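Colleague: Residue numbers (my numbering), protein chains in the order written: chain A, 1 to 180; chain B, 1 to 167.
Please note: incorrect hints may appear among the correct ones.
Example chain B residues on the side facing chain A (calculated, C-beta under 8 Å, incomplete) [to be verified]: (1) Gly-55; (2) Thr-74; (3) Trp-75; (4) Gln-79; (5) Ala-85; (6) Tyr-88; (7) Lys-92; (8) Gln-97; (9) Val-98; (10) Thr-117; (11) Lys-120; (12) Met-144; (13) Pro-145; (14) Thr-147; (15) Lys-149.
Keep in mind that the hints were calculated from the coordinates and are not lab data. Computed from a predicted structure; not experimentally measured. Glycine included, C-beta positions come from ideal geometry on N, C-alpha and C.
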Amino acid sequence: MGWIGETVDSIKSIKIRQLLTQAVTLGMIVTSALIIWKALMCVTGTESPVVVVLSGSMEPGFQRGDILFLRMTKEPIRTGEIVVFNIDGRDIPIVHRAIEVHERKTTGEVDVLTKGDNNDVDDIGLYADGQMWLHRHHIMGRAVGFLPYVGWVTIIMTEKPIIKYILIGALGLLVITSKD
Amino acid sequence: MHSFGYRANALLTFSVTALAFICAISSFSDKFSNQNPSAEIQILNINRLKKQSYGNDEVSLTLDISADLQSLFTWNTKQVFAFVAAEYETSKNSLNQVSLWDVIIPDKEHAKFRIQTSNKYRFIDQGHNLRGREFNLTLHWHVMPKTGKMLADKIIMPGYSLPDAYK
Chain A
1 MGWIGETVDS IKSIKIRQLL TQAVTLGMIV TSALIIWKAL MCVTGTESPV VVVLSGSMEP
61 GFQRGDILFL RMTKEPIRTG EIVVFNIDGR DIPIVHRAIE VHERKTTGEV DVLTKGDNND
121 VDDIGLYADG QMWLHRHHIM GRAVGFLPYV GWVTIIMTEK PIIKYILIGA LGLLVITSKD
Chain B
1 MHSFGYRANA LLTFSVTALA FICAISSFSD KFSNQNPSAE IQILNINRLK KQSYGNDEVS
61 LTLDISADLQ SLFTWNTKQV FAFVAAEYET SKNSLNQVSL WDVIIPDKEH AKFRIQTSNK
121 YRFIDQGHNL RGREFNLTLH WHVMPKTGKM LADKIIMPGY SLPDAYK
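Isolated chain B (complex conformation):
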């Protein structure tokens, strides 16, 4: 009953259980944080709207993105992954979401930012539906914790549109 094996076994079981409990509690504490992020996106310029050689429409644009995501950071946060997606509807597809730009925010100091950039990823449609298309720009964020449950949410900003002709 007092051999080394028994004692090691009991110690190991207890420490694993205690560790699991602490991880669950720290994840649960995230529920009590007050979160009110804000963001604003402006389209500075539509650089090009063209039809690719093998068919699909492609857009290149320059965005001005300003956001304050500082309230998302808790003591249990490892990083926040934020990205901007254009969302629109076409005749064939009820929903299209195309990610234009993303960033990894490692800590609270970097969470309030303003950046002007052209789209990091290519905005290509499945077809030729982009002329005159209205779309929403949505800022999504994904809070990745040090341990436990991940949280994702977004701000939808409607009312952007593309030019009526290729340019």
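Excised from the complex, chain A in its bound form:
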């Protein structure tokens, strides 16, 4: 019974000022992470400057769990570029290579056909019903750089959300119980 009294005492002894300071510090850390993320979005010109490779369709170049750095410029899309695109109605971005490009003389718009390096057929089957080509507004960015294995952290946290909760719970506990 003694430790219950001790715990109650220690909770009472947490001063309000100290608690507020810790809360503000935590808020600052989260906000500065957000600022860095938004700044990256501005610099690279795309809404998701970093993506994790989820499937094996670009092996052996990109394995599941690698991360790709993206950049989107106004330059026209050409074959050979590795593009990240969204299909209407699905929210998982796909990372494949452009193998066919047709650019209109009058409007400058492009029709793009893509294919994963490790797939036997092109991506027509992946596009929405009746869609034969990708257009510029489907494409979120071009892959310009790559880091292996780092994306596994994200994949594990998405596929086993219990680990995410454990991590955040442990972090929260650490913040509350640390003396400074």
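Given the coordinates of chain A, work out where chain B should sit on it, guided by the hints.
Modeller: Showing chain B alone in chain A's frame:
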């Protein structure tokens, strides 16, 4: 100050920073490599030039591709993705690029090759513009590193043309 938590935190931060630095340096070292690849493509035969049942022109051809891409490989290279694209202009489109054949080159030994093959992917136009059409054959390559920045370049070989009539 000397608890396990602090020490683990400091160790983790330092190792992640050092790893990121090493990746950046290795990617930077690619800038100093001397690259002079070479390639030559011959069209051995135009097998068919036909109009598909629902409208568009299609070509089938046999290519003789020889290339030496060995100088593209550095210690930081994982693979080189090379492909041949036909590029041409039509009345409606300022640029058409159609990939005909590609290969993944995993190491330096395989980077010097000569191959005779028919086109791996179908060469289909948006329309009926292929009769008598002149086009370039371009060998593109994409160097995919073990870590860091990817590099892409190409050799343009102009002066190929298709027959004037369907066959």
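Colleague: Checking each numbered hint in turn, tell me which of them this model violates, lowest number first.
Modeller: 1, 2, 3, 6, 10, 11
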